[in-house]
Amino acid sequence: MLTRKQHELLMFIDKHLRETGFSPSFEEMKAALSLKSKSGIHRLITALEERGFLRRRAHRARALEVIRLPEALGPKTARPPKPGEPLGPNVIRGPFGAHAARAPAEVTESAPVSLPLYGRIAAGLPIEALRDNGASVDVPASMLGGGEHYALEVAGDSMVDAGILDGDTVIISRVETAENGTIVVALVDENEVTLKRIRRRGNSIALEPANPRHETRIFGPDRVRVQGRLVGLLRRY
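Basically the numbering used here = 1-based index in the sequence shown + 93.
Among the hints, erroneous ones may be present.
Have a look at the derived ranges for each label pair, beta carbon to beta carbon [as the list claims (entries may be wrong)]:
{"#": "1", "residue 1": "D259", "residue 2": "R294", "range": "27 to 37 Å"}
{"#": "2", "residue 1": "R148", "residue 2": "I311", "range": "24 to 34 Å"}
{"#": "3", "residue 1": "A228", "residue 2": "A124", "range": "31 to 41 Å"}
Restricting the straight-line Cα-Cα distance to at most 25 Å, the calculated cross-link-like pairs of lysine-lysine (DSS-like) are [to be verified]:
{"#": "4", "residue 1": "K108", "residue 2": "K129"}
{"#": "5", "residue 1": "K131", "residue 2": "K98"}
{"#": "6", "residue 1": "K123", "residue 2": "K108"}
{"#": "7", "residue 1": "K108", "residue 2": "K98"}
{"#": "8", "residue 1": "K98", "residue 2": "K129"}
{"#": "9", "residue 1": "K108", "residue 2": "K131"}
{"#": "10", "residue 1": "K98", "residue 2": "K123"}
The hints are simulated quantities; they were obtained by calculation from the structure and are not laboratory data. Beta carbons: idealized from backbone N, C-alpha and C, even for Gly.
Whole structure, please, built from the sequences with the hints as guidance.
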């Protein structure tokens, strides 16, 4: 069973696909559901994927495919194509028998996964401001665990001693908490994003660089919000 917001988003995506032939942007989905943040859209899409209603098409940015509609509403919402009308991207060819509502096959461990590439980590830009730029990057599925992931391009040399260089692409698992010593994407004062090692010291939070040329910064507990944890790195030579 879907929640009201999950159902509302699924119906909006399906309608947009049938009317335009391509999936809506995160900004359009956020506006359609009257949400304040795109992170809510990401969570809804992930939930719909896990339930077998949506699939993100690999190697394409902002490409969603409706696998099925809720059974009780399917006949009212999804009409068959008219004679001569091409099948839209949300229509599955093949028999529609007892197995029509089956979830898509699992991706093999070696298959690449397309992640959104939000942009370069830079002061003054929260993660939300870097989203939806249409770029993506393919990573091995074996690099990812459960949950939602995204990629960011590193700007600067503050983490070189941790093996993270300027221009590298880091793979981030979206989490809101992290253990001491973990390299995280931290949002400071709701407007600055940085990749640093986090340590909690009493009522303070330290963001530590991995370069002696840079200073450790200390903040109060309400000034830092974890937006992800480093799980992998890609580098071009």
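### Message
Checking one constraint from the list: CA of K108 to CA of K131, max 25 Å. Satisfied?
### Response
20 Å, holds
### Message
What's the verdict on K98 and K129, does the C-alpha distance respect the 25 Å limit or exceed it?
### Response
13 Å, holds
### Range hint 27 to 37 Å (beta carbons of D259 and R294) holds or violated
28 Å, holds
### Task
Quickly compare the C-alpha distance for K131 and K98 to 25 Å and report which way the hint goes.
Cα-Cα ~13 Å, so holds.
### Query
When you take the CB atoms of R148 and I311, is the distance between them in 24 to 34 Å?
44 Å, violated
### Query
Keeping to a limit of 25 Å between CA atoms, is the pair of K108 and K98 held or broken?
Satisfied, since the Cα-Cα distance of roughly 15 Å is no more than 25 Å.
### Message
Can you confirm whether the C-alpha distance between K123 and K108 stays at or below 25 Å?
### Response
15 Å, holds
### Query
Given the hint that K98 pairs with K123, does the C-alpha gap stay at or below 25 Å?
11 Å, holds
### Query
Between K108 and K129, is the straight-line Cα distance small enough, at 25 Å or below?
22 Å, holds
### Query
So does A228 sit 31 to 41 Å from A124, Cβ to Cβ?
At roughly 22 Å between Cβ atoms, A124 and A228 fall outside 31 to 41 Å, so the hint is violated.
Going through the hint list in order, the structure does not satisfy hints 2, 3.
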